[in-house]
Amino acid sequence: MSCVDLLEVESEPAWARTLKCVTACAFLDIKSAFDAACHPAIISALAVRNCTRYLVQLVFDFLSDRTAILSLDGSSSSFHVDLGCPQGGVLSPFLWSVLVDDALRLKFPFPSRIIGYADAI
Numbered sequence: 001m002s003c004v005d006l007l008e009v010e011s012e013p014a015w016a017r018t019l020k021c022v023t024a025c026a027f028l029d030i031k032s033a034f035d036a037a038c039h040p041a042i043i044s045a046l047a048v049r050n051c052t053r054y055l056v057q058l059v060f061d062f063l064s065d066r067t068a069i070l071s072l073d074g075s076s077s078s079f080h081v082d083l084g085c086p087q088g089g090v091l092s093p094f095l096w097s098v099l100v101d102d103a104l105r106l107k108f109p110f111p112s113r114i115i116g117y118a119d120a121i
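Taken in order, the sequence shown gives residues 1 to 121; the numbers are from my numbering.
It should be emphasised that the hints constitute simulated quantities derived from the structure, not laboratory data.
Heads up, a few of these hints could be off.
As the list claims (entries may be wrong) - Restraint-style ranges between C-beta atoms, simulated for each label pair: (1) 50 / 90: 34 to 40 Å; (2) 57 / 87: 39 to 45 Å; (3) 64 / 28: 43 to 49 Å; (4) 103 / 71: 34 to 40 Å; (5) 91 / 31: 18 to 24 Å.
Glycine included, every Cβ here is placed at the ideal spot set by N, Cα and C.
Please build the complete structure, drawing on both the sequences and the hints.
So this is what it looks like as structure tokens:
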């Protein structure tokens, strides 16, 4: 989380206290979130949000036919990668956000707020 996010999380209980409300916080850090992102789910999430066909195809091409090389003790081997967003890729946080956007928009029968930052909710 960023400093601004932490300040927001800290100030929320103080604000709720002035209204005599109960405050609860839950933190979810998704281990290897970018590595576990499902490509078809990302493409579907983009399509549902009415992204242009061109953009959906661009992301599809970006995620398709990826390979990784594993080097160990002087030997290397390549393998096909069909899951996850590229580590260090500038699109990866955006693609992950698109994937979890529905979870960030959940509505509850009481006043609530969900804050997401990269792979933490």
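Here is what the structure says about each hint:
{"no.": "1", "hint": "50 / 90: 34 to 40 Å", "verdict": "violated (23 Å)"}
{"no.": "2", "hint": "57 / 87: 39 to 45 Å", "verdict": "violated (23 Å)"}
{"no.": "3", "hint": "64 / 28: 43 to 49 Å", "verdict": "violated (29 Å)"}
{"no.": "4", "hint": "103 / 71: 34 to 40 Å", "verdict": "holds (37 Å)"}
{"no.": "5", "hint": "91 / 31: 18 to 24 Å", "verdict": "holds (21 Å)"}
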